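Chemist: One letter stands for each residue in the lines below.
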Amino acid sequence: MQNLFAALLRQIIIAMENIRNFSIIAHIDHGKSTLADRLIQHTGMIEDRNFHDQLLDNMDIERERGITIKSQAVALPYRAKDGRDYILNLIDTPGHVDFTYEVSRSLASCEGVLLLIDASQGVQAQTIANLYLAMEHNLAVIPVINKIDLLTADVDRVLEQIDAELGLDPFSHIRCSAKQGIGIEEVLEAIVERIPPPKGDPSKPLSALIFDAQYDSFRGTVIHCRVFDGAVRPGDVIRFMSSGTTYRVEEVGRFALARLKKDALCAGEVGYLIAGVKTVADVRIGDTITHDDRPAGNALPGFKEIKPVVFSSIYPISSEDYGDLATALEKYKLNDASLVYTKDSSVALGLGFRCGFLGLLHLEIVQERLEREFDQAIILSVPSVRYRFTLKDGSVVHVDNPANYPDPATIEKAEEPFIRATMIMPEKYLGAVMKLCTEKRGVSSTMNYLGPGRVELTYEMPLAEVLFDFYDRFKTVTQGYGSFDYDLIDYREGRLVLLDILVNGEKVDALSQIVHRDNARQRGVHACEKLKDEIPRQQFKIAIQGAIGGEIISRSTISPFRKDVTAKCYGGDITRKRKLLEKQKKGKKRMKMVGTVSIPQSAFLAVLQSDND
Amino acid sequence: MDDNRISTAAGLYIHVPFCRSKCAYCDFYSVTDVGRIDGYLEALSLEMELYRGFAPVFDTVYMGGGTPSCLPADRLADVLARLRSAFPVSPGSEITVEVNPGDVDTACLERLREAGFNRVSVGVQSFDDAILTTLGRRHGGREGREAVDAARRAGFDNLSIDLIYGVPGQSPEGWRETMESALAVNPEHLSCYELTLERGTPLHRRVEAGQLTLADEDEAYGFFSATSEFLEGRGYIHYEVSNFARTGALISRHNHKYWDHTPYLGLGPSAHSFRGCRRWWNRRDLPRYISDLRAGRAPVDGQEELSQEQLRMEALYFGFRTKRGIHGPAFRERFGMDLLREEGAALRGLRDEGLIRLDGEVLTPTRRGLALADRLCLL
Chain A
9 MQNLFAALLR QIIIAMENIR NFSIIAHIDH GKSTLADRLI QHTGMIEDRN FHDQLLDNMD
69 IERERGITIK SQAVALPYRA KDGRDYILNL IDTPGHVDFT YEVSRSLASC EGVLLLIDAS
129 QGVQAQTIAN LYLAMEHNLA VIPVINKIDL LTADVDRVLE QIDAELGLDP FSHIRCSAKQ
189 GIGIEEVLEA IVERIPPPKG DPSKPLSALI FDAQYDSFRG TVIHCRVFDG AVRPGDVIRF
249 MSSGTTYRVE EVGRFALARL KKDALCAGEV GYLIAGVKTV ADVRIGDTIT HDDRPAGNAL
309 PGFKEIKPVV FSSIYPISSE DYGDLATALE KYKLNDASLV YTKDSSVALG LGFRCGFLGL
369 LHLEIVQERL EREFDQAIIL SVPSVRYRFT LKDGSVVHVD NPANYPDPAT IEKAEEPFIR
429 ATMIMPEKYL GAVMKLCTEK RGVSSTMNYL GPGRVELTYE MPLAEVLFDF YDRFKTVTQG
489 YGSFDYDLID YREGRLVLLD ILVNGEKVDA LSQIVHRDNA RQRGVHACEK LKDEIPRQQF
549 KIAIQGAIGG EIISRSTISP FRKDVTAKCY GGDITRKRKL LEKQKKGKKR MKMVGTVSIP
609 QSAFLAVLQS DND
Chain B
3 MDDNRISTAA GLYIHVPFCR SKCAYCDFYS VTDVGRIDGY LEALSLEMEL YRGFAPVFDT
63 VYMGGGTPSC LPADRLADVL ARLRSAFPVS PGSEITVEVN PGDVDTACLE RLREAGFNRV
123 SVGVQSFDDA ILTTLGRRHG GREGREAVDA ARRAGFDNLS IDLIYGVPGQ SPEGWRETME
183 SALAVNPEHL SCYELTLERG TPLHRRVEAG QLTLADEDEA YGFFSATSEF LEGRGYIHYE
243 VSNFARTGAL ISRHNHKYWD HTPYLGLGPS AHSFRGCRRW WNRRDLPRYI SDLRAGRAPV
303 DGQEELSQEQ LRMEALYFGF RTKRGIHGPA FRERFGMDLL REEGAALRGL RDEGLIRLDG
363 EVLTPTRRGL ALADRLCLL
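Chains as they are written, first to last, in the numbering used here: chain A, 9 to 621; chain B, 3 to 381.
Note that these hints are calculated values from the structure, not bench results. Honestly, I wouldn't trust all of these hints.
Just a few of them, taken from the derived set where beta-carbon distance is under 7 Å, the chain B residues facing chain A [to be verified]:
{"no.": "1", "residue": "Gly41"}
{"no.": "2", "residue": "Thr198"}
{"no.": "3", "residue": "Val243"}
{"no.": "4", "residue": "Leu380"}
Quick list of in silico lysine-lysine cross-link-like pairs, DSBU-like style, CA-CA up to 35 Å [said to hold, decoys possible]:
{"no.": "5", "chain 1": "A", "residue 1": "Lys351", "chain 2": "A", "residue 2": "Lys594"}
{"no.": "6", "chain 1": "A", "residue 1": "Lys515", "chain 2": "A", "residue 2": "Lys339"}
{"no.": "7", "chain 1": "B", "residue 1": "Lys24", "chain 2": "A", "residue 2": "Lys597"}
{"no.": "8", "chain 1": "A", "residue 1": "Lys549", "chain 2": "B", "residue 2": "Lys24"}
{"no.": "9", "chain 1": "B", "residue 1": "Lys325", "chain 2": "A", "residue 2": "Lys339"}
{"no.": "10", "chain 1": "B", "residue 1": "Lys325", "chain 2": "A", "residue 2": "Lys315"}
{"no.": "11", "chain 1": "A", "residue 1": "Lys593", "chain 2": "B", "residue 2": "Lys325"}
{"no.": "12", "chain 1": "A", "residue 1": "Lys448", "chain 2": "A", "residue 2": "Lys436"}
{"no.": "13", "chain 1": "A", "residue 1": "Lys400", "chain 2": "A", "residue 2": "Lys436"}
{"no.": "14", "chain 1": "B", "residue 1": "Lys24", "chain 2": "A", "residue 2": "Lys587"}
{"no.": "15", "chain 1": "A", "residue 1": "Lys594", "chain 2": "B", "residue 2": "Lys325"}
Computed beta-carbon distance windows for the label pairs [stated by the list, open to error]:
{"no.": "16", "chain 1": "B", "residue 1": "Pro58", "chain 2": "A", "residue 2": "Ala334", "range": "13 to 21 Å"}
{"no.": "17", "chain 1": "B", "residue 1": "Arg280", "chain 2": "A", "residue 2": "Glu379", "range": "32 to 40 Å"}
{"no.": "18", "chain 1": "B", "residue 1": "Pro289", "chain 2": "A", "residue 2": "Glu379", "range": "20 to 28 Å"}
{"no.": "19", "chain 1": "A", "residue 1": "Glu328", "chain 2": "B", "residue 2": "Gly278", "range": "53 to 61 Å"}
Because the structure is a prediction, the values reported are computed rather than measured. We treat Cβ as the ideally placed atom computed from N, Cα and C, and that holds for glycine.
Isolated chain A (complex conformation):
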């Protein structure tokens, strides 16, 4: 069996009608990775002894959080009931709003999707949001009801929802239990029967969509792409249409969990391409690849330059590790083009790097990976968006770091980025969501009934309000049934002030925030209370103060330790006690000393979190 499939996968030309390109989309925890695992197993791509859960999620952090961060693709060889051999290209997609653009590029590479719905949870917010994304790309949608083996499964209710809330034909669904391996064959047959084969013309000039890029330490950047027209072979000189840069192709192939070399990638196919591209930063997701000597007339639609929206500084806990951190960031960047950074220095925290991220989840992922994969002990300053100030002398400055807040006396006009937020939810949550949006300084709302009981709401809101502590609260007030997306629209004037935090009288610039005058006091109180919870008690009293200009607007106090001593310390007590101290010391090493106070990493993000999480 294995050999037959390997031969099939290596086949140079597979007729387009025998190719299916598809993706699985679902609300979180509805079983996307498990279904992917099962499809891979069923098609004999992997022997059972080599199997482990979440085959496509390579990173520890993906497995632990149960999320997919990077797109992955795999070609599944499948002999259908019609007796013909097919290649089913599964493109796995990330599942978070920070990565919406990557998801849209992956979907643009497909002809159809499996819309996976948990039989006991039913249709959820992301089910709908993902369905809309698929519909935007005119993809064939196959509803798949998963987890039918659960005692709490209620397939009839899900069928009603598919009809009423998704507007899809409920008779078209497939029932399965990815966990138990039930219905997998039916899913595979439906992919063959109901997802159209790719269209394209192999004789036309090359046009291939880049949907992902990954760094390989031996080969440089491995570009993941979908060929729409033409064909690409080793030796070809290709051009990236957005930048105009050219490269000579070294290798092309298909994903079979590992890379499998081929002689060509032809119209309709999904695969990889290696062309001596040094870093992933040289590749733009969504860009079109064509031939240098016979370029396509137009680039494929939908390309966007991704720009960071959240900024924060990363500092080594111990200043002598600055060089190590620089090296780690350089290496990290090889595989994550969306991270941007420059050198930075803080009065309180010393030398570091100012970084730009796609969103807060992206920031957390970078932080975790730097710690785990690169063994860095780091602190991140309070995240910020990028503000625009017009000074009295007429000059305009962009400030994404509160430490660089201009002297208030020189500011003529302060502006902050605004977004248009689009939210979809059942009608009964409308009141709560509108209240939340108003609290977050939302304006110019519109409302639109999508169907009975289901509403689309838009608001224009300051980006800062949305990034920090909006999404969690939105999910809470809609009990997980709301979906949310946003687009940057413009900069608008706002009454902004700089909120400083003082710890034992010393200003900690990495804790400063730029906030709106109207909720400055409340934010100051909130920050002081959060820091009180996050900063561990020490043997002296710690005073935390919030200040605007010279004026103290909030304060909290951390009471000192009075007694912390083990009563008995004889032969049998010493080893146990020392181990405890070593652990404490290690914990302390992960905190940043500011003056005489140790501040843990969590404190810098906590000031932005709401009280109820």
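Here the structure of chain A is known, so what remains is to put chain B in place on it, guided by the hints.
Modeler: Using the frame of chain A, we list chain B on its own:
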């Protein structure tokens, strides 16, 4: 290696793993099956043979437990005699035995003194019957008084009394009365321990179940500082977190070896030993202890080889727990770290906060510093 230790001669500890009953708070290893005493004593002799040559000279012996006084005085005398023949115990050594009220009378203590014990530590814990009941002790306050009086009558001129504070139901006044009662015999030494909740003990379970409430941090500090003030007011030196001596010469020389990284040999189940940079410990299991020794094996359960970094951390920890403190030049000699200079900022902070003092070249904890000793070494 260290020019600041009280003595460089080794210490010898014997763990006697028998108790008539288990106290509610105690997690030291002991069994109540006194039928095993013979087997234990036989194994102990075999263990002594294994460690002949451990050190050129010993100048302290400490017989603890468990409850050594579970054994007849003659058997304890016999153990000491065998120790003396197996190890070079120098003349003038400090030789301590722990006894429990209710176990001993004047005749028994006289016998122990004749045998060569010159220091006795009486596990009084409290003179208050209600507190003793909470602790699950077998004796009352009266037996405690009788035991210390008997020790004096027997001629012990180095008497230590163990007391516990912070017991559920104990008031600051009640604790003070217990200390007053102890001072009636003018003991040379007092150990006053804050009650520590040990996992797996009946007391731990009762506190977990909400049946008893332990002193909170402020109350515990109140007990601690009141104890220190009271006893220092009566002329005692608060020389370690939980220990007080009437004069500098009367501190427990044996216990100080644990805090100076001086070699010590621990014999008996669960006993710990230390030499050079190695620490090892015996099985907490009397039958296995016996069977190992009968088979000619050391009854060792585990060991650790301490890195210089670990030794340094321990030295800091010990130093900040004792009035002798940390001798700057000796510490630098040993660990290549100039505490008085390199760690300057952190230490200056501690001095400014009144937690440590610098006397010449010695860093010592203040009373408030002693109460926070577990934190000081993290700096």
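Chemist: For every hint, state whether the structure bears it out.
Modeler: Hints and how they fare:
1. Below 7 Å, beta-carbon pairs count as interface contacts, and Gly41 of chain B has none with chain A, the closest being about 22 Å; its hint is therefore violated.
2. Satisfaction of the interface hint for Thr198 of chain B is found here, the shortest Cβ-Cβ separation to chain A being roughly 5 Å, below the 7 Å cut-off.
3. Interface restraint check: Val243 of chain B against chain A, minimum CB-CB distance 5 Å, threshold 7 Å, status holds.
4. The beta carbon of Leu380 of chain B comes within 5 Å of a beta carbon in chain A, closer than 7 Å, and the hint placing it at the interface holds.
5. In summary, the hint linking Lys351 of chain A to Lys594 of chain A is supported, as the alpha carbons are separated by about 28 Å, within the 35 Å threshold.
6. A threshold of 35 Å between alpha carbons decides the hint, and for Lys515 of chain A with Lys339 of chain A the separation of about 33 Å falls inside it, so the pair holds.
7. Restraint check for Lys24 of chain B and Lys597 of chain A: the C-alpha separation of about 41 Å exceeds 35 Å, so the hint is violated.
8. Proximity of Lys549 of chain A to Lys24 of chain B is assessed by CA-CA distance (about 42 Å); at most 35 Å being required, the pair is judged violated.
9. Restraint check for Lys325 of chain B and Lys339 of chain A: not satisfied, since their Cα atoms lie roughly 52 Å apart, outside the 35 Å limit.
10. Proposed proximity of Lys325 of chain B and Lys315 of chain A is contradicted: the alpha carbons are some 61 Å apart, above 35 Å.
11. Between the alpha carbons of Lys593 of chain A and Lys325 of chain B the distance comes to roughly 24 Å, so the proposed pair stays at or under 35 Å and holds.
12. Restraint check: the Cα-Cα separation between Lys448 of chain A and Lys436 of chain A comes to about 20 Å, which is no more than 35 Å; the hinted pair holds.
13. Distance hint between Lys400 of chain A and Lys436 of chain A is unfulfilled; the C-alpha atoms sit about 48 Å from each other, more than 35 Å.
14. At roughly 28 Å between alpha-carbon atoms, Lys24 of chain B and Lys587 of chain A fall within 35 Å of each other, so this suggested pair holds.
15. At most 35 Å may separate the alpha-carbon atoms for a hinted pair to count; Lys594 of chain A and Lys325 of chain B meet this at roughly 27 Å.
16. Our hint of 13 to 21 Å for Pro58 of chain B and Ala334 of chain A is violated, since their Cβ atoms are close to 55 Å apart.
17. For the pair Arg280 of chain B and Glu379 of chain A, the beta carbons lie near 35 Å from each other, so the given range of 32 to 40 Å is met.
18. Remark: the range hint 20 to 28 Å for Pro289 of chain B to Glu379 of chain A is contradicted by a beta-carbon distance near 47 Å.
19. Checking the proposed 53 to 61 Å range against Glu328 of chain A and Gly278 of chain B shows it is violated: the Cβ atoms sit about 32 Å from each other.
Figure legend: structure checked against the earlier numbered hints; hints not met, in rising order: 1, 7, 8, 9, 10, 13, 16, 18, 19.
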